[in-house]
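In order, the protein sequence lines correspond to chains A and C.
Here the first sequence is numbered in my numbering, starting from 5 and rising by one per residue.
Here the second sequence is numbered in my numbering, starting from 414 and rising by one per residue.
Each hint should be verified, as a subset may be incorrect.
[To be verified] Anything over 10 angstroms on all C-beta distances counts as not near chain C; from chain A, calculated:
{"#": "1", "residue": "15"}
{"#": "2", "residue": "17"}
{"#": "3", "residue": "31"}
{"#": "4", "residue": "36"}
{"#": "5", "residue": "39"}
{"#": "6", "residue": "54"}
{"#": "7", "residue": "60"}
{"#": "8", "residue": "66"}
{"#": "9", "residue": "76"}
{"#": "10", "residue": "81"}
{"#": "11", "residue": "87"}
{"#": "12", "residue": "95"}
{"#": "13", "residue": "126"}
{"#": "14", "residue": "130"}
{"#": "15", "residue": "133"}
[Stated by the list, open to error] Cut-off 30 angstroms, straight-line C-alpha distance, at most; resulting in silico cross-link-like pairs (DSS-like, lysine-lysine):
{"#": "16", "chain 1": "C", "residue 1": "629", "chain 2": "A", "residue 2": "57"}
{"#": "17", "chain 1": "A", "residue 1": "15", "chain 2": "C", "residue 2": "582"}
{"#": "18", "chain 1": "A", "residue 1": "91", "chain 2": "A", "residue 2": "46"}
{"#": "19", "chain 1": "C", "residue 1": "582", "chain 2": "C", "residue 2": "620"}
Hint data in this document are derived by calculation from the structure and do not stem from the laboratory.
It should be emphasised that the depicted structure is a prediction, and the values quoted were computed from it without experimental measurement.
Where is the CB? At the ideal position from N, CA and C, for every residue including glycine.
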Amino acid sequence: MYTEQVMDHFKNPRNVGEIENADGVGEVGNAKCGDIMKIYLKIDENDIITDVKFLTFGCGSAIASSSMATVLIKGKHVDEAVSLTNKAVVEALGGLPKVKVHCSVLAEQAVKSALFDYAQKTGKIIKGIEDFKPDEDVHDHDH
Amino acid sequence: MKMIYLDNAATTQVHQEVADAMQPYFTQTYGNPSSIYHFGQTAQKALEEARAAIAPVIQAQPDELYFTGGGSESDNWAIKGVAYANRNKGNHIITSKIEHHAVLHTCEYLEKNGFKVTYLEVDSEGMVNPKDVQNAITEDTILVTIMMANNEIGTIQPIEEIGQITREKGVLLHTDAVQAFGHIPIDVTAMNIDLLSASAHKIHGPKGVGLLYIRKGIRIDNLIHGGAQEKKKRAGTENVPGIQGFAKASEIAYQNLAAHTEKVMALRDRFIEQIPKVIDHVRLNGHPTNRLPGNVNVSFEFIEGESLLLYLDMEGVAASSGSACTSGALDPSHVLMAIGLPHEIAHGSLRLSLSVYNTEEEVDKTIEALKSVVNRLRQMSPLYNRRK
Chain A
5 MYTEQVMDHF KNPRNVGEIE NADGVGEVGN AKCGDIMKIY LKIDENDIIT
55 DVKFLTFGCG SAIASSSMAT VLIKGKHVDE AVSLTNKAVV EALGGLPKVK
105 VHCSVLAEQA VKSALFDYAQ KTGKIIKGIE DFKPDEDVHD HDH
Chain C
414 MKMIYLDNAA TTQVHQEVAD AMQPYFTQTY GNPSSIYHFG QTAQKALEEA
464 RAAIAPVIQA QPDELYFTGG GSESDNWAIK GVAYANRNKG NHIITSKIEH
514 HAVLHTCEYL EKNGFKVTYL EVDSEGMVNP KDVQNAITED TILVTIMMAN
564 NEIGTIQPIE EIGQITREKG VLLHTDAVQA FGHIPIDVTA MNIDLLSASA
614 HKIHGPKGVG LLYIRKGIRI DNLIHGGAQE KKKRAGTENV PGIQGFAKAS
664 EIAYQNLAAH TEKVMALRDR FIEQIPKVID HVRLNGHPTN RLPGNVNVSF
714 EFIEGESLLL YLDMEGVAAS SGSACTSGAL DPSHVLMAIG LPHEIAHGSL
764 RLSLSVYNTE EEVDKTIEAL KSVVNRLRQM SPLYNRRK
């Protein structure tokens, strides 16, 4: 059902945990739907993501998607990280079952939400998430 | 690594004696029971012997048993067959919210075809209240279909009390006994059951064979039309090897019922007692005592069932969950919703279903695995984190 890459990231998730005094924190999803993702970012003075951690409540693909998303943005400039798409997460994972694609959407939204938090805290403008609504329920109900 | 199989409510390992009993009917006695020559008649005789071997499990007469292709077919036949044959009497059916989909989806199909269905609530332990059955019966009610025991949470229903009500009111009673047959004592006469569904592969028999018990004199339409098999009630060449396997599995289940129950129940209770001792924030789903001997269903807070199953699989444990993510559905299991679990608790459910092949050592190993896997997932969970 899952690709080798998904199983790898599920079995050995990268960047699990929290960052104290994170520069940006984003949380999306809800327990009712069965998945919540929380992403913590450490960002330096040049707007480079120097560290990233995640906590996820969810199924195998939710954990793998979070893990992959953190790998894809670590060391990147915020302007690059903000352009991370769910499609890129799915591709990096070698594909997700159709009913699990919403997990990758959640991962993309979690990253954007954390970046939005960073922009809010610092007064910076990150192109692409000026109108981001962190409270919006991004869960894709169309399984 | 040897697998620890704890999904016996899904299907069971075929007993070696059962496989041996089936073997001759593939390559030697392969005749069609409907054929007139001696060879076919040998198969016909074997069918009748099988019926006689199975009947005691539910205290029925052998000629009240009709072989089918499995539990789902039996449920479909019982409900649709009774509904259409008794349409002149009424169009109302009563069932519960925690039935197997073979019953629920059949009822939904009938609703689209002019029947009215009442779906009874259950209490927080998964019990149907017989008074609710009584109150739901109207002049138009033709059938009550309530399962004998639930496949997810193991709760055993008060079928005997429900049977008294339906008999008094002159309404037919069907019970889906797929999980109960061969696992708990059943007496169709004492319980006033008119129709009962059972399946071979839940009692260490082969897949693809089941039965419908139909009390003599019940009006029921055919589901499968065609030849004159099963006294013209169920067409199709009989699954002779499968039926032989069903008979052998039934014999073993019936003769060893007390011993098997004692063994499996001890393993079940070991799980139920030990899990909360080593893992916090866990709850037992279903009835504490009035449950199938082999059923354990627990919810672990702050984690999701599919990831739990995948991690358990890595530890060599095969189990099942009511989480939405295991089925690709949005909502968690309808049974867990019906007993009133919040979504997030239902998502973290785990069903461990035992058989006589499981051992105490396997139970202890599974508890160890659970402890580490649940802990690992909780360390990853923002919900657990928030709790602290």
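For which of the previously enumerated hints does the structure constitute a violation, in increasing order of number? 1, 2, 3, 4, 5, 7, 8, 16, 17, 19
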